[in-house]
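Q: Sequence:
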Amino acid sequence: MFMRFQKKEDLEKFYENPFYLGVLKDHVTPYCHEFAYFDYESQVEDDILPIFRKGEEFNFGVEYILLIAFKESSLGEVADDALTSLVQLLMEFPSLIVQATKGSNFNPGSKDYTHAVVIRFRSSDAFDIFMGSSEYKDIWRSKFNPITEKKLSISFSIDPIGNELM
Numbered sequence: 821m822f823m824r825f826q827k828k829e830d831l832e833k834f835y836e837n838p839f840y841l842g843v844l845k846d847h848v849t850p851y852c853h854e855f856a857y858f859d860y861e862s863q864v865e866d867d868i869l870p871i872f873r874k875g876e877e878f879n880f881g882v883e884y885i886l887l888i889a890f891k892e893s894s895l896g897e898v899a900d901d902a903l904t905s906l907v908q909l910l911m912e913f914p915s916l917i918v919q920a921t922k923g924s925n926f927n928p929g930s931k932d933y934t935h936a937v938v939i940r941f942r943s944s945d946a947f948d949i950f951m952g953s954s955e956y957k958d959i960w961r962s963k964f965n966p967i968t969e970k971k972l973s974i975s976f977s978i979d980p981i982g983n984e985l986m
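First residue of the sequence shown: 821, per our numbering; consecutive thereafter.
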């Protein structure tokens, strides 16, 4: 399950919501072997005009979630440098990417992964082009591989149902 919240407080309220807990207990937990929770806070564009212009672009595409467990010895400056390099690379591909966010895990109940990156690609072709690019592969090989303990990548298609966003 992947969700976005406007404020950290909204996330906290969600976790305390009895309806949410009931849905998890009755309809999700019986079909899952394990859960991985990850919560992070990230800045996104706050200028209304760019967000408004991207509105339609959020209706379609591919959402890519990358959870990373950095080696403890690399937490801090080295991990931040790797993430900054990735963000700089993402900014070089505006024709492929609608939005990208990153952050460190603040969920006290989950320490499997230390950081996350979430990227909304404009299409599955855009996703394939970026993931196959020599620039991305080079950053992963040179910056991430040496300091990554484990990673989990998840991608899924965004296709609206009907006329309204859910």
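Everything labelled a hint here was simulated from the structure, so no lab data went into it.
Check each hint, because a few of them may be wrong.
[Stated by the list, open to error] Pairs of lysine-lysine, PhoX-like flavour, derived with a Cα cap of 20 Å:
id, residue 1, residue 2
1, Lys845, Lys922
2, Lys971, Lys957
3, Lys922, Lys891
4, Lys891, Lys971
Q: Next step is simple, just say for each hint if it's right about the structure.
A: Consistency of the hints with the structure:
1. Lys845 x Lys922: violated, 30 Å
2. Lys971 x Lys957: Distance ~15 Å between Lys971 and Lys957 Cα, so the pair holds.
3. Lys922 x Lys891: holds, 17 Å
4. Lys891 x Lys971: Given that 20 Å is the threshold and the Cα spacing comes to 11 Å, the pair holds.
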